[in-house]
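Place chains B and C on chain A using the hints.
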Amino acid sequence: MSDRTPFYGASQQFPLTRWSVVEAARSPNPEQRQRALETLISAYWKPVYKYIRLHWNKDGEQAKDLTQDFFARVLEKRLLDRFDPARARLRTYLRLCVDGVVMNTDKSAQRLKRGGDVTLVSLDFETAEGELQHLPIAAAGGPEELFAREFARSLFAHAVAELRTRCEQEFKTLHFQIFELYDIDGGAKELTYDDVARRFGIKATDVTNYLAFARREFRQRVLDELRKMTATEEEFRQEAQSLLGVKIS
Amino acid sequence: MTWIDDATLERLRRAADSPSLEGTRYTLIGKLGQGGMGGVYRVEDRQLERHVAMKVISVPDAEGELSRRLLQEARIIARLEHPGIVPIHDTGTLSDGRPYYAMKLVEGQRLDEYVSGVTTVSDRLRLFLRICDPVAFAHARGVLHRDLKPANIMVGPFGEVLVMDWGLSRMLFPANKPEPQPDQNALQSTDSSAPTQHGTLLGTPGYMAPEQQTGQPVDARADIYSLGAVLEFLLTRMNPGSVPRALAAIQKQSMATNPDQRYQTVKELAKDVEHFLDGLPVRAYPEGPLRRAWRWILRNRAWLLLLLIYVVVRALLIYFRPR
Amino acid sequence: MNKALLGMLVGGVLGVFDGLSAWFTPAARSQMANIVFGSTIKGLIAGVLIGFFARKVHSLALGIIFGLAVGLLLAYAVAATQPGPNHYYFEIMLPGGIVGVLIGYATQRFGHGAPTRAS
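Chains as they are written, first to last, in the working numbering: chain A, 1 to 249; chain B, 1 to 323; chain C, 1 to 119.
Next up, chain A with everything else stripped away, as it sits in the complex (with noise of 0.2 Å):
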């Protein structure tokens, strides 16, 4: 049987080498650590946050005061040492290892002293407040499904972002537009490829191969973000499935 059909394009897409917060947690070089901690916290301090807020039922101090110590421990307690990616994922590993900070710390705010050497990137919980706003005080499903939606809600964020960058990079606003419009905004619901057409003054054609191209890099950006958030392929498979799972309509 050969395997030299286009079928096995999908293949040669994939790095082969992969780089992943958690080797690189545990990397011997600061640096390395560095880095993995500041990829870590990008991804998961609002989930951190409003698990610790909803599901804690913290105010916005003691969850701001958490949401840092929790990172802090992170690092100088090597928390992702300990992980094994064969008993779970990371994903749930760190909203277990939250817990286990909100249930040790002390109301009388037993801080970590924060390693001088390290420098958390500063985080705006004020936005990350304001979102509160927007969630049902109750949050359905539980606190897997909660920390997990929020840990969506981040990565979609991200790669949204490095979306439009790359197409203003690429001067390529219009197919950034057209995606807002269909998948952000959902201001397309009544509308037809040709009225979308008439409105950015373009083809009806160009909509769907502008809008394909934008959910192609979208998707490439959201599995890229997420393969660095896993440990190993199968984790990483597996995050990917239900990260993208839908509701069958």
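Honestly, the hints are just simulated from the structure, not real lab data. The C-beta atom is built at its ideal place from N, Cα and C for all residues, glycine as well. Treat each hint with caution, since some may be false.
Which residues of chain B face chain A? A partial, calculated answer using Cβ under 7 Å [unchecked claim]: (1) I4; (2) E22; (3) V59.
Showing chains B and C alone in chain A's frame:
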């Protein structure tokens, strides 16, 4: 950064998941379902102006393993030209790198949804026989399904039965070899249903044969076990007390833990079900002479009743004859 | 076995028993051989006719009706030829009709026939 509410989150999920069909002759209509490795979509074939179903790998596949499996699935289905097996129209790779194959769109109901409208045992058994047909055909062509279950069986608008989702199917021997004789040694699978490298066992609990669950090599009898489980599904929806013993025996033999004690071919299983429908003795339920005689009487009760009427009328005429 | 042959067999056997039942009528005992012979022939004729009908027409209802008609007709013919004032129409035609029904049912239900022409 853009705030993404739940509705937007869902739209973005769809956007990331939806296949890029530009450059193909298809237009996306909607999503039909999601399997283990791929999603199935309703698409329009613009050239032939018809709707078809398209299966696309939806999870990342850096090593190409899923691509190979999808192509194998497509090739296996393409070999099986049978009214009960959905035909493949096309294969290829999308512009986003994801492999796909296009097949006939089945407008119907899954068996687990359809069966509630089938109210008699005999109708359910005839339905079951229509499920056995394509499976027996596949076995004759050297293909095991390995994931038979109500969710993988569709019933079309004209009552036609289609066995779907051959994603776990396996070839027993290459296409250019002759068809097997009914010999279980020849029907051994060349690869076992051992756990995948990702530690996930292939198949569905409850419908998977014990040898398949434990990762041992499987043969056609694993599918027979699954058919027995489907038969059990069809029967248990009815009042359990009303399942005749012979039928329960057929189902039990299909699902014997030891493959040597099951029916050895789908044909044997189907034959016993047909015999049951015809009121004949079944292999799975040996009967004594009295029971066989009673069965014969039941099968021929109309004729025997007429004969009795004749004898009674004759006797009455003799008794009341003018003297 | 084809339907005509089956009809003959069933008709013949029932004809024999039909004839033998005349033994219960003492007046008829002296004529037993003739009665049995005649009854058997009647049964065979009815069986052949009904069997051929079943080869052409695959319908249980029509087969039974035809069998009844043939059975009654042949029984009438036998009763009409009875000597003496009493023809015993009822006593002969009733069982004769039932035998016709039996043969009609058996030939429709069992045996192998030629496929019917499309009507």
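Now the hints, each set against the structure:
Look at B/I4: its Cβ gets to within about 5 Å of chain A, closer than 7 Å, so that hint holds up. Using the Cβ-Cβ criterion of 7 Å, the hint placing B/E22 at the interface with chain A is satisfied: the shortest such distance is roughly 5 Å. With its C-beta approaching chain A no nearer than about 5 Å, B/V59 sits inside the 7 Å limit, and its interface hint holds.
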